[in-house]
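Visitor: Chain by chain, the residues run as shown.
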Amino acid sequence: MIPLEWELVLSALLFSIGLYGVLARKNAIMVLMSLEVVINAAILNFVAFSSYSNDASGQVFALLGIAVAAADAAIGLAIFLSIYQTHGTVDMDRVRFLRW
Amino acid sequence: MTYVLTVLILIPFVGFLATWILGRTQKIAKWVALVFSLAQLALLSLILMTFWGVSSPVAESVLGPAQNALPFASWTGGYQFHYFERAGWVPQVGMNYILGFDGLSAPLAWLTPLLTTLAIIFHWDEEHRPREFFALLLFLEMSLTGVFAALDFFLFFIFWELVLIPMFFLIGIWGGPNRRYAALKFLIYTHVASMIMLLSIFALYYTSSAGVNAAVTGVATAGPTFDMTVFLEAARRHMLGTLGGLYIPLATQVPIMLGFLFGFIVKLPSFPFHTWLPDAHVEAPTGGSVLLAGVLLKMGGYGIFRVLLGMFPDAMKELWWVLAALGIISMVYAAFVCLHQTDLKRLIAYSSVGHMGFVTLGAATLTTIGVEGGIFQMFNHGLITAVLFMLAGSVKHATGTREIPKLQGLTKVMPQFSLVLMIGFFASLGLPGLNSFWSEFMVFLGTFSSPAFAGWRVLVIIPLVSIVVTAAYYVYTMQRTLFGDVPKDLEHAHDLMPWETFSYAVLVILIFAVGFLPFAVVGPIGQYVATLPGLTRVV
Amino acid sequence: MSAASLLLLPGYTFVWVILIAPLIAFLLSALVGRRTVEGGAPIAIGGISISLLLSLYLFIQVMLGGGLGGNFNPVFLDGYVWLPGFPAGSGFNNIVIELYIDDLSALMLVLVSFLCFLIFVYSIGYMHHEEGKPRYYAEVSLFSAGMLGTVSASNFLQLLVFWEIMGLCSYLLIGFWYHKPEAAKAAKKAFMVTRVGDVLFLVGVLIIWNQFGTLNFYGDATHLGIASQVGKLSPELLNLIPLLLFGGAVGKSAQFPLHAWLPDAMEGPTTVSALIHAATMVKAGVYLTARAFIFLVPMPYQGLAVTPPWTAILVIAGIGGFTTLFAATMAVVNFDIKRVLAFSTISQLAYMFLGLGVGAFVMATELSSGTAYANLDSAGYSAAIYHLYNHAFFKALLFLTAGSVIHAVGTNDMRQMGGLRKHMPITSITMLFGCLALAGIVPFSGFFSKGEILSVAFEAGTINSVYMVFWLLGTVTAFLTAFYAFRLWLMTFHGEYRGQGHPHESPRSMTFPLIILGAFTLVSGLSAYAMGGFGNFIFVTGTHAEYALPLIGVPLSDYGLEAISLGAALAGLALAWLVYETKRIPAERFTRSPTGAFLHKMLTHRYWIDDVYDAFGARVYVGFAKAMDWFDRRVVDGIVNAVGRGGLAAAAGSDYFDRHVVDGAVNLVSKEAIRSGMRLRQRQTGQVQSYAWVVVFGIVVLVALIFGIGLYLRLWGG
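Taken in sequence, the protein lines are chains A, B and C. Per our numbering, the first sequence runs over residues 5 to 104. Per our numbering, the second sequence runs over residues 417 to 955. Per our numbering, the third sequence runs over residues 218 to 935.
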C-alpha cells in the first residue's frame, strides 16, 4: 500500500508542472495540455483520498472529472482551431482580441 | 382556458423564438412576427371585452366564463380579478407565480400588442437585420405583458428588468448616430432606479410581509411573501379598519414607498429624472420609440397606481404633495422646454414628460376621479404618442430630416401626413372631444375637488398655464412645418406609404372612438379604482 | 330614414338630426367631395338644408308649444353618458351628452342654420376658382355642426366641447390659404388667443362641477340643474364663476383685451369671415354670457333672495362699454374693407355685452329691492339677444357684399375701389342696406336693438352713475358706427373707380344670398312686432318678463333716448358724407373765375366747417384713433408678443438648464465611472496567461494569509 502522502506529493508535483505549463508556454495547444495535467492532478487526489477513506464517491468524482477533462479538451481544441482559422496563430501573446 | 394569462405571455415568446429561428428572409420574419402579435392582440381584445360585460360565443369558448376571482378563496370581497392564475414557484420563500388582470392592467396591457402590431406594420420595409428586429419587438411585447399581469413582486421585478434588454438592443443596433450613448444611458439610468425599487421590495419582504400575510390569510404561521395581492388586500382592510393585526406602520411605509416611488418616476419619467427619455427617443428607431413611449413609460404609472396607491395609503396621505409637485413641475417645465426644441422627435419626447405629469398629479389627488383620470391619461397618451412618434419617423423617411426649421409647407407635398399630424397634435394638446381632453379634464376635476389640495387649490392655475403653453408649441410647430411655401429640397418628398397609412388609420380611429366613447375605457378603470383604499369620492 | 318620417318620432328626437346632418356632410365632403360638382358644395348645402328645415320645424313647434306666451317647457333630449360617474354604473354624477331645447336655443338653431345655408350657397360662386374646395366644404360643415351643437348643449362642458370644435374649424379656415405666411400666422394667433379664454372657461367649468356636481344650466324633474342652487355659492365664487365664463366669452368674441386676433383673422376667405367671424362663432361668447345669467341674476335659494354678483356684472358691462368705443375708433382709420368690418364686429359684439351687463344690473337691482324673480325686467337681456339676432344678418350681409366687391376688384384696399355702384348695382344696394342697419337708421334692424341696449344702459345709469358712462360710450360709438359704415360704403361704391380691370357684378349664386340678407335687414328688425316684442320671445326666467314692442307703448323717456341714438347715428352718417363724398368734387371747374375760385374754395371747404371738421377729424379724432391703433398694436399686441418672447426666453433658459445642469449632473456621474474604468482597463491586457498569473498570485497570497493568520493565532491568540 502506497502511503497517502506519496500520492499527494505526486499530485502536487503534477499540479505544479501543469501550472507552470499554463503560465509559461506560449503555444495554446501546450497550455491546453498543461491544463489537462492540472486536471489529472486533481483526479489523482480524488482517487487517493477515495482509497484512503474507503469511500467510492471520490472515484465517481474522478470519473466525472475525466469526462469534464475530455469535454474541456474538445471544446478548447475547437476554440483554438477556430482562432487559428481566423487569426492564423495560436500564440497566446498574439491572441489578445478579448482586450478592448 | 384556465391558463389564459400564461398563454397570453407565451404567445409573443413563442413568436420571438419562431421569428428568430424561421426568419431567414425579411419577408418571413415580418409575417411570422405579425401573426403572433396579432394573435396576442386578438386574445387580449377578447379579454378586454369581457370587462364591458360583452360575452360572445367566441369569447366563451376561448376564454371560458369570466372568473371574477378573488386571490384567496377565503376572502369575501375587495380586489377582484377577471382572470387570475396562481401556482407555486419557490413557495418556501414566498415566491409564487401569480398572474391577474383587472381594470387597471387590462387596458394598459391591451396597448402592448396593439402598438407592437402597428410597429411591425410600420417597419414593413425594415431591411437592417430584420430577423433580430422583429424578434426583439416580440420579446419586448412578452416582457411588457408580463409586467402588467404579474402579481408577485419577484415575478414583477423579473419582467420589469426583462423589458430593458430588448429595448437596449433596439436602440443600440437600429438607433441613430448617437445610439450607443443613448442606449447605455437608458439602460443604466432605469436600471439604477430598478435597483432602488428592488431594495424596497426586499425591505417590504423582510420587515413586514410575514405579519401582513398572517393577518390577511388568517394562517398564523404564514411566512414572508412576495404576493402583491396580500398587500393590496391588507391595505384595503387596513383602511376599512377591519384588519385584525396592524398594517405596516407609517414609519416603515414612508421609506419603502419612497424607494418604489423613485423606481417608478424614473420610468415614468418625471422631472428631474427625465433626461434619459429625449436621448433615448431621438436615437431609437420608430418602432422602439412607439413602444418606449406608448407602453414602457406606463410601467411607471402602473406601479404608482398598483403599488403606491394600493399598498401605501398612509404614506400617500402624508406624501401626496411630492407626487403633486413632481407632476405639476413636469407639466409646466416640459411645456416650456418643448417650445424651444427644433427636433420634432425631441419635442414629442418632451411632450411625453409633460403629459405624464398628469398621471402623477392624478395619483396625487387621492380622489376617485383624479385617479381614474390619471390611469385614463396613460391609455390616451399611449395612443396619441404612438401616432406622434410614427409621424416623426415618417417625416424623416420622406424628407430625410426632422429639424423643424428645415420643414415647411408640408401640407402641399404631404397632405395625408399633414392631416394626421394635425389630428395627433390637436389630440395631444387636449382638444375637447378628443381622447386626452377627457383624461386631463378628469385629473383637473380631481385636483380641484381633492381634499388634500384644499388650501392649495390656487396651484391648479399652474398646470392650466401648461395647457396654454402646450397649445402654443404645437400650433407654433404646425405653423412652421405645415404651412408656407415648399422649399426646393422638399418638393419631391413622398407622402405616406400604404402600411404607414394603415397604422395611422387604426390609431386615429381609436383616438376619435375613445374621444366619443370615453366610458368604454373609464368603465374598467373605474372597477379597479372602486376597490382602491383611502381615496376620496368627490361630489 | 327620410327627414319627413323623422318628424313622426316621439317628442323632439329629430333635433339630433340637426346636429348630425352637417356632421355627415363633413365626412362626405372630406371623403368624396372631390367627385361632386364644385368640390362638395352640394353635400354641404344638402346637409345644412336638412338642419335648416328641421330647425324651422322645431322653432314652429316651440312657438306653438307656448314659446310666445312664455309657457314653453324646456325639453331635455338625453344622449349617452360620456363619462360614468363614480362608482361606475351607479348613474351618479354622470357627464352626459344631451340637448336642451328652450326658446333661446330654438332661435339660435334657426339663426345659425339659416346663415350657414345662405353663406354656403354664396360660397359656390365665391370659391369657384379656388383649389381645395372639398377641404373648404368639409371644414365649414364641421363648423356648422359645432355651432349648432354649441347653442343646443344642455350643459357647460358639452358647450365647451362644441365651442372648441368651432375654434378648431376657425383655425383651419383662417389658414385656408396655408401657403400665405400671414394666413398661417393669423390662424395661430386666433387659436392661441382664444385658447387663453378657453382655459378660463375650463376653470369655470371645473369650479361649477366641484360646487354643484352637475353642469346643466337648468334642471327639471329628472335632471339636476345649476340655476336653482346658485344661492349656495359663497359670494366670492358667485362673482368668480361668471367672470371665468365671461373670460371664455372675451376670447371667443374678441373683446378687449383679447380682441387682437379678429382683425388678423380676415386673412381667411371672406365667406369664412362672414360666417365664423361675424355671424356665428363670435356670437357664441354672447350666448355663453346669456347662459351665465343664472349666476348673474341668481334665483332665490331656499326662499331667500341671493345677493347678486355686482363685481361680475360691472366687469361685463364695463368691458362691453369700453370695447364698443375702442374698436369703433380703430375701424375709422382702416383702409382694408374687411378689417373695417372686423373692428366693427368687435364693436357691435361689445354692444351685446354691454346690453347683457346693464340688463343684469337692472335685473339684479330689482331683485335686491324685492321684486319677485318671475317679474324681473329682462329688457337688457332681450335687447342684447335681439342685437345678436339683427347683427348676424346685417354683418353677414356686409361681409358677403365686401366679398362680392373683393371678388370683382381683386383687392381689399378701399383706396383702389370707388365708383363700383355702376358696375355692381345689386351689391351696392344690398350693402347700403347693411350699412344702414349697422349704423342704426330707422327702420333698419340695428336701430331697434341698439336703441334698446342704450336705453337700458341709461336706465342702469339712473340707478348707478357708473353705468351712465357706459351709456355715453355706447352713444358715442353709435355716432362712429354710422361714420365708418358710410365711409366704407362711399369709398367703395361712390366716386371714380381707382383700381385696375373691369369689375362686374357677381354671379347669381352670390347675389341671391345678398338679396335675401338685404331683405332681412328690414325684416329682422320688424319681426319683433310680429312676435309682440322680441323679449316676448326670448326671456331669461322661467316665466315671461314684460317687454314692450320697439317704439310702441314704451315710456316717453325712451323716445328721447331712441332719438339720441338715432341722432348720433345720423350725425355719423352725415360726417361720412361730408368727408368722403363731397370732397371728391373736382376743383378745377370752379377755379376759372376769381369769384368762382372763391366760391369753390368756400364750397369745397363748406365754409371751412369741413376744415374744422377735418382738422378735428385728422388731428384729434384720427389721432386718437391712431393712438388707439398704436395702443392696440404696440401695447396690447406688444404684451402678447413680449409674453411670447418671454416664453421663448424661458424655454431657452429651461432648455439650457436641462442640458447643462440637470443632465450635466447625470453625465458627471457617468463620466467619473468611465474615467475610473479607463484607468482599470490598463490592467486588462487580454493575455489569458497574465490573468492566470494574477490568479495564481492571488491564491498564493490567500494561502499565505490563511497560514499566517493560523500561525498568528496559534502563537499569540492563546
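Keep in mind that the hints were calculated from the coordinates and are not lab data. Some hints could be false.
As the list claims (entries may be wrong) - Straight-line C-alpha distance at most 20 Å; calculated SDA-like pairs for lysine to any residue:
id	chain 1	residue 1	chain 2	residue 2
1	C	Lys397	B	Leu906
2	B	Lys812	B	Pro903
3	C	Lys888	B	Val884
4	C	Lys402	B	Val884
5	B	Lys904	C	His396
6	C	Lys397	B	Tyr892
7	B	Lys828	C	His346
8	A	Lys30	C	Gln904
9	B	Lys904	C	Lys397
10	C	Lys888	B	Asn594
11	B	Lys828	C	Thr588
12	B	Lys443	B	Asp541
13	B	Lys828	C	Ala247
14	B	Lys812	B	Asp905
15	B	Lys828	C	Arg251
Unchecked claim - Here are the simulated distance ranges between beta carbons:
id	chain 1	residue 1	chain 2	residue 2	range
16	C	Val905	A	Ala75	50 to 56 Å
17	B	Arg440	A	Arg98	32 to 38 Å
18	C	Gly870	B	Leu656	45 to 51 Å
19	A	Asp59	B	Tyr622	53 to 59 Å
20	C	Gly870	B	Tyr622	42 to 48 Å
21	C	Gly870	A	Ser86	56 to 62 Å
22	A	Arg98	B	Lys904	37 to 43 Å
Cβ coordinates follow ideal geometry from the N, Cα and C atoms, glycine included.
Visitor: If a hint holds in the structure, say so; if it doesn't, say that too.
Guide: To see whether the hints hold, each was checked on the structure:
1. The straight-line distance between the Cα atoms of lysine 397 (chain C) and leucine 906 (chain B) is roughly 17 Å, inside the 20 Å bound, and the hint therefore holds.
2. Only pairs whose Cα atoms come within 20 Å are accepted, and lysine 812 (chain B) paired with proline 903 (chain B) is accepted, the gap being roughly 16 Å.
3. Distance check on the hinted pair: lysine 888 (chain C) and valine 884 (chain B) sit about 38 Å apart at the alpha-carbon level, beyond 20 Å; violated.
4. Between the alpha carbons of lysine 402 (chain C) and valine 884 (chain B) the distance comes to roughly 17 Å, so the proposed pair stays at or under 20 Å and holds.
5. This hinted pair checks out: lysine 904 (chain B) and histidine 396 (chain C) have alpha carbons roughly 14 Å apart, not beyond 20 Å.
6. About 15 Å separates the Cα atoms of lysine 397 (chain C) and tyrosine 892 (chain B), which keeps this hinted pair within 20 Å; it holds.
7. For the hint linking lysine 828 (chain B) to histidine 346 (chain C), the alpha-carbon distance of about 18 Å falls within 20 Å, and the restraint holds.
8. Straight-line distance between C-alpha atoms of lysine 30 (chain A) and glutamine 904 (chain C) comes to about 10 Å, which keeps the hinted pair within the 20 Å bound.
9. Our distance criterion of 20 Å between C-alpha atoms is met by lysine 904 (chain B) and lysine 397 (chain C), whose separation comes to about 17 Å.
10. With a C-alpha separation of about 16 Å, the suggested pairing of lysine 888 (chain C) with asparagine 594 (chain B) holds against the 20 Å cut-off.
11. Our distance criterion of 20 Å between C-alpha atoms is broken by lysine 828 (chain B) and threonine 588 (chain C), whose separation comes to about 63 Å.
12. Simply put, lysine 443 (chain B) and aspartate 541 (chain B) have alpha-carbon atoms about 9 Å apart, close enough for the 20 Å limit, and the pair holds.
13. Between lysine 828 (chain B) and alanine 247 (chain C) the CA atoms are separated by roughly 17 Å; this keeps the pair inside 20 Å, and the hint holds.
14. Of the pairs offered as hints, the one joining lysine 812 (chain B) and aspartate 905 (chain B) holds, with about 13 Å between alpha carbons and a cut-off of 20 Å not exceeded.
15. For the hint linking lysine 828 (chain B) to arginine 251 (chain C), the alpha-carbon distance of about 17 Å falls within 20 Å, and the restraint holds.
16. In this structure the supplied range 50 to 56 Å is violated for valine 905 (chain C) paired with alanine 75 (chain A), their Cβ-Cβ distance being about 19 Å.
17. Under the hint 32 to 38 Å, the C-beta atoms of arginine 440 (chain B) and arginine 98 (chain A), about 36 Å apart, fit the expected range.
18. Evaluation of the 45 to 51 Å hint for glycine 870 (chain C) and leucine 656 (chain B) yields a pass: the beta carbon distance comes to about 49 Å.
19. In this structure the supplied range 53 to 59 Å is violated for aspartate 59 (chain A) paired with tyrosine 622 (chain B), their Cβ-Cβ distance being about 41 Å.
20. At roughly 46 Å, the beta-carbon separation of glycine 870 (chain C) and tyrosine 622 (chain B) lies within the given 42 to 48 Å, and the hint holds.
21. Evaluation of the 56 to 62 Å hint for glycine 870 (chain C) and serine 86 (chain A) yields a pass: the beta carbon distance comes to about 58 Å.
22. For the pair arginine 98 (chain A) and lysine 904 (chain B), the beta carbons lie near 56 Å from each other, so the given range of 37 to 43 Å is not met.
Checked against the numbered hints above, the structure violates hints 3, 11, 16, 19 and 22; every other hint is satisfied.
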